[in-house]
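Enquirer: Make the full structure from the sequences, and use the hints.
Respectively, the protein sequence lines represent chains A and B. In terms of the working numbering, the first sequence opens at residue 1 and continues consecutively. In terms of the working numbering, the second sequence opens at residue 1 and continues consecutively.
None of the hints are false.
If you only want the chain A side, here are some residues facing chain B, beta carbon under 7 Å, derived:
| hint | residue |
| --- | --- |
| 1 | Val159 |
| 2 | Phe166 |
| 3 | Ala167 |
| 4 | Phe174 |
| 5 | Ala177 |
| 6 | Thr178 |
The following label-pair restraints were derived from C-beta to C-beta distances:
| hint | chain 1 | residue 1 | chain 2 | residue 2 | range |
| --- | --- | --- | --- | --- | --- |
| 7 | B | Thr78 | A | Leu112 | 40 to 46 Å |
| 8 | A | Ser229 | B | Gly65 | 38 to 44 Å |
| 9 | A | Met11 | B | Phe105 | 36 to 42 Å |
| 10 | B | Thr78 | A | Arg141 | 45 to 51 Å |
| 11 | A | Gly104 | B | Tyr13 | 27 to 33 Å |
| 12 | A | Ile78 | B | Thr78 | 28 to 34 Å |
Since the hints were derived computationally from the structure, they do not count as laboratory data. Glycine residues also receive a C-beta, built at the ideal position from the N, C-alpha and C atoms.
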Amino acid sequence: MGIIETLSYYMQYPFVRYALIVGVLIALCSSLLGVTLVLKHFSYIGDGLSHVAFGALAIASVLKISNNMFFVLPVTVICAVLLLRMGQNARIKGDAAIAMISVGALAIGYLLMNIFSTSTNLSGDVCTTLFGSTSILTLSREQVWLCVILSIAVVVIFVLFYHKIFAVTFDESFAKATGVNADFYNLLIAVVTAVIIVLAMNLVGALLVAALVVFPAISAMRIFKTFFSVTVCAVIFSVIGALLGVLISILAGTPVGSTIVAVDIAGFLLFQLAAAIMHR
Amino acid sequence: MALITCDKLSLGYEGKAILEDLSFSIESGDYFCIVGENGSGKTTLMRTLLGLIKPMGGCITFGEGLKSSQIGYLPQQTTLQKEFPASVREIVLSGCRSEKRIHPFYSKEQKNTAQDAMDKMQISHLARKSYRELSGGQQQRVLLARALCAASKVLLLDEPVSGLDPKVTAEMYEVIEELNQKEKITIIMISHDLGEAIHYANRILHIGNSIFCGNVEDYLQSKEGRYFAHHVCSLPEGTHFLRKPDGRKGAGHDGHH
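Expert: Spelled out as structure tokens, the structure:
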């Protein structure tokens, strides 16, 4: 069978279509916010939050909460707000706060899973949560809808507040001095980031989420020079990366999350090369 | 009534006062320089004037219908900004204030304001260029244009020439003086460089262990001014100050150091 035939064969299955839809949407959202996060030097918040989401997921599975999204999402949002507040607090430095919360959540999460899990394949469960090996192929209809709705919300928020987000990203003090409520926009950015992290965890797993935030933004910045073009390029980069990643993982039978990240890394190297040639 | 009046102000962070009992006023049209040693609270004072931090005591009153958010601000550049991928136009436009919280697009009026500001700073030809590819002086002009979008009456400049080479520094001071003279914009400037402060400003606020506020001539006769001039800026002993043809006061010798 040729590649096209194989693909159209797989496309008959709803779970493959779901995986593609969710993959593209998550890639789109994470890259939108990724540009801001990278420029504000907030990308480590994305990383920290993903560990928090892992801890929350462990607790949810111990408590046997049927739809764990309704537990994981609020917990991650609350932690995002806390991290932001602590980052502004002079006593505990932002990076130390992130390290404390993220490593703490990771350890507690694993501990809980280890003590309370009734599963016979514990290391398999942990591996799945961390690297998202197969979870994207087991998405339910409800999860897909939740993902679609949240993604639309993220895009709408980003478009409506685009100029304010730019102003706060470029120069927070100036924005504040001219009457922009910078604290509100920082909060908005943190909450939206938490939502994206939780969504993306289904796709690539807790440990690899930060890759979806960082790679498209960094790659786009190598070549493009205005905020608008960087944002658009990051989105296109990320969506193509997710599409290719999902398709390759289906054809080659590789884990979805790490395949997408591998494609993103390849894309990043390509952009590096292109930038090096352009600047010569 | 003065444009900005500060009465018995105490400034500081987290309950620790850096400056106490500070009273001065800034008149419309002033070229007002704030000088003082490092750590004397210059930047804290500026952030308080902008409303970014609250004074620990005393009060600031604005006259002539001015609000603290109508003051244009030229902050010191951060390293983060120097690498920022944004076009000049995007940055200048971001200075335009808007009453509405949600505005996906800039209005015609805001675009015109930004264009005017870029024209005044002579950077219109750079509008599509990326900020990170500009020279230090050009970047400073972009930020000044952005400040102009935010305010038409008062500009607060925090060390506007730090890190610029002498030629660009001189150009920057010229641009600022032109804004003060032609556009009648009140300038409030933090400066390290006392020589330049004396040269361009009409009034000086010296903060530190003792506080002085007044005309440039009086400042140079005061003990704060003499100490600062001779020990910090090492102007030659006995430097005399002449009235320049345009009626401003300047240092009698012409050496900028």
